[in-house]
Amino acid sequence: MKKLSNIILLLALAGLGYWLWTVFFPNPQQVIRNRLNKLARLASFSPGEGNISRISKIQRMGRLLAEDVQVIIDVPGTEIQTIKSRQELMQAAMAAPRFANGLKAEFLDMNIELGSDTQSAIVDLTLKAKIGGESDLIVQELKFTMKKINNDWLITRVETVKTLKP
Amino acid sequence: MSSETKSMGILDWARAIAIGRRPKRTLVRLVPVIVLGLITVLFFRFVLTPVRITGPSMIPTFQDGSIKFLNRLAYLRSEPKRGDIVGIRYSGNHVLLVKRVVGLPGELVGFQYGRFYVNGKPLHEPYLNYPCAKWHSEPKTLGPNEYYVVGDNRSMPIDFHYQGAADRRRIIGKILLLHGDS
Chain C
617 MKKLSNIILL LALAGLGYWL WTVFFPNPQQ VIRNRLNKLA RLASFSPGEG
667 NISRISKIQR MGRLLAEDVQ VIIDVPGTEI QTIKSRQELM QAAMAAPRFA
717 NGLKAEFLDM NIELGSDTQS AIVDLTLKAK IGGESDLIVQ ELKFTMKKIN
767 NDWLITRVET VKTLKP
Chain R
-11 MSSETKSMGI LDWARAIAIG RRPKRTLVRL VPVIVLGLIT VLFFRFVLTP
39 VRITGPSMIP TFQDGSIKFL NRLAYLRSEP KRGDIVGIRY SGNHVLLVKR
89 VVGLPGELVG FQYGRFYVNG KPLHEPYLNY PCAKWHSEPK TLGPNEYYVV
139 GDNRSMPIDF HYQGAADRRR IIGKILLLHG DS
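Protein chains in written order, with my numbering: chain C, 617 to 782; chain R, -11 to 170.
If we strip away everything but chain R, and leave its shape as in the complex, we get (with noise of 0.2 angstroms):
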């Protein structure tokens, strides 16, 4: 019989910390704190994701280690344009990799002695401050859901620069460029 009352007592106490001694109250004060922290939750997840710039592609633009934003629902009812800076996903959405977009579907694009060459007329690029005369690739013509992508740091050899066509599917979304982004 004590024993019995003893747990009860524990559970009055547990039951006092978990839900206060006015349950209704506690329960209306909680609510609006959890609808909150639900829908910062799928914001940052569906909407604007937050995204960890690894590696030097694309300085001066972007610097390793600074945190950008992804808006995932630019493109739900646009393509994405010449300059943006845009999210292509590998197998899934963990890792991205991050460029910026150069050339258009249908466009025949190449690099001649470092410069981008879009349909035979070099592309003005204001962002580069490291381009490297010997790239050189052949112009190829793109795909009707390809986009051209390639990093601002263009200092390396282009082997060492990932960069290429894009599969529409692949592009997720548009990094949001804050004050001070190029």
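Only chain C is shown next, with the shape it has when bound in the complex (with noise of 0.2 angstroms):
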């Protein structure tokens, strides 16, 4: 029974100690991964969200993204449209609640390429926006290009995907 309770005792310290290596030292992917998931976070808001709430979490999404991010979007029925530097996207970012009463982002089913140098990523993923008070679901695939700056894994490419080819 001691032994069992032994091996059990040590299973559990195993496993432990595997769960604090993966928070402490965490694979390429899984940073990639949560730190999509936190833009998803930072660029959803609520209709009756203050501004200090809102330029705090843009800040903090501007921590995200290289200087000199590149977003290209080409989806029917719009001209394509471009924005070519961080500063430019936290001014759009900015904007939204403008033009939208409310906004939830999720990405769904990120698909994480490493680069054989292991200092870039491709990322291919679905994003799953509701704007409040419509109806219909945005779904848009996009591929983000995400580079190691400074130890920092950064936003340098944003691009949509034509799921269907025109």
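Source of the hints: derived by calculation from the structure; they are not laboratory data. Quick reminder that beta carbons are idealized off the backbone N, C-alpha and C, glycines included. Any given hint might turn out to be false.
Said to hold, decoys possible - Heads up, incomplete: computed chain R residues facing chain C, CB under 10 angstroms, no partners named:
no.	residue
1	G43
2	G80
3	S143
What the hints assert, rightly or not - Only pairs whose alpha carbons sit at most 30 angstroms apart, straight line, appear in this in silico DSS-like list of lysine-lysine:
no.	chain 1	residue 1	chain 2	residue 2
4	R	K128	C	K781
5	R	K122	C	K781
6	C	K759	C	K778
7	C	K744	R	K56
8	R	K12	C	K781
9	R	K56	C	K746
10	C	K744	C	K720
11	C	K654	C	K764
12	C	K759	C	K654
13	C	K778	R	K128
14	R	K69	C	K778
15	R	K128	C	K619
16	C	K778	R	K56
17	C	K778	C	K720
18	R	K128	C	K759
19	C	K778	R	K122
20	C	K781	R	K56
21	R	K109	C	K781
22	C	K618	R	K122
23	R	K109	C	K778
24	C	K618	C	K654
25	C	K763	C	K673
26	C	K781	C	K673
27	R	K69	R	K122
Could you use the hints to bring the two separately framed chains together as a complex?
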């Protein structure tokens, strides 16, 4: 009985050790996943959100982006829109509450492909967003390019993916 | 000593609640329930996946908010056929596009005055209720692994309706048509 208890205790300790290892030394895929989930949380806003909270969220969002981040939006029915810097993207995010009564964004089905040098990654994911007051969901496949800059995984490029080719 | 007796009592009580007084009999009764639960979960995840239709793209065949089932084994041994309503994945399987296959690999396809043309001939589409005469697109030849898909609701301008060529790898199953569906 004591032997069994010792084995169980040993297994529990090993599990705890493994969990602590993944918390303190996460693999790049997990870091990227966490960063993108954080981006989706920070990009979301509720209708009554105050300016201070919004500014704080956008500043935290800025820390996930490279200074020369490029965003290319090419969806049917509109002209191609591009954003060419972190500053421009943060300004667009700041202005978003003027055009939408709340936004809840989440990233689903992330496929992360690490570069051979493990200093860059391409992430294919699905954005699912709900704009307050609108019944339809926004669903769009996106491709993120990320680079490890100063030991930090930053988003350098975001582009829409054509799931169906016109 | 008394605390040990008390803790043993609680343990016995918890054991009786969790596995009953006759553990073997409990196990024999529990195994079929667990196996059945597991089979059900696997069946609805990998064979017949429930899908909630969101949006008006497939009206009148499917109404917004209705629940359908996606047969994920439909194209294991055969390829999608014209007229099939299929599930097309984005980056994964959590969100799907549900559209009708109208063009097959290698065909020359396009819209002219609201009608879909395949190799220069108009396609007979009895499931359409509201075709929009303004739908027009340049003819294009589909690649060897491309299927042209479009929704049944074509009442809106073509730019507002998500349609086009889907790669075969993205088509993950066929929607089962139930009684009442067109």
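Hint consistency between K654/C and K764/C [alpha-carbon to alpha-carbon, up to 30 angstroms]
holds, 17 angstroms
Given the proposed pairing of K618/C with K122/R, does the C-alpha separation stay at or below 30 angstroms?
Not satisfied, since the Cα-Cα distance of roughly 80 angstroms exceeds 30 angstroms.
Pairwise hint evaluation, K673/C against K763/C, where the allowed Cα distance is 30 angstroms at most:
Holds, at roughly 22 angstroms.
Taking only the CA atoms, is the gap from K744/C to K56/R under or equal to 30 angstroms?
At roughly 20 angstroms apart (the allowed maximum being 30 angstroms), K56/R and K744/C satisfy the hint.
Against chain C, with CB atoms and a cut of 10 angstroms, does the hint on G80/R hold up?
Because about 2 angstroms separates G80/R from the closest Cβ in chain C, which is inside the 10 angstroms limit, the hint holds.
Would the pair K109/R and K778/C pass a check requiring their Cα atoms to be no farther apart than 30 angstroms?
With a Cα-Cα distance of about 27 angstroms, the restraint between K109/R and K778/C holds, given a limit of 30 angstroms.
Pair hint outcome, K759/C versus K654/C [Cα-Cα no greater than 30 angstroms]:
Judged against 30 angstroms, a Cα distance of about 17 angstroms means the pair holds.
Sort out whether K778/C lies within 30 angstroms of K69/R, counting only the CA atoms.
Holds - the C-alpha atoms of K778/C and K69/R are around 23 angstroms apart, at most 30 angstroms.
Check the hint pairing K778/C with K122/R against an upper bound of 30 angstroms on the C-alpha distance.
With Cα atoms ~23 angstroms apart, K778/C and K122/R stay inside 30 angstroms; holds.
Can you confirm whether the C-alpha distance between K128/R and K759/C stays at or below 30 angstroms?
holds, 26 angstroms
Run the distance test for K744/C versus K720/C: straight-line Cα separation, threshold 30 angstroms.
Holds, because 8 angstroms separates the two Cα atoms, which is no more than 30 angstroms.
With a cut-off of 30 angstroms on the C-alpha distance, tell me whether K778/C and K128/R pass.
holds, 17 angstroms
Of the hints listed earlier, those the structure fails to meet are numbers 3, 8, 15, 22, 24 and 26, in rising order.
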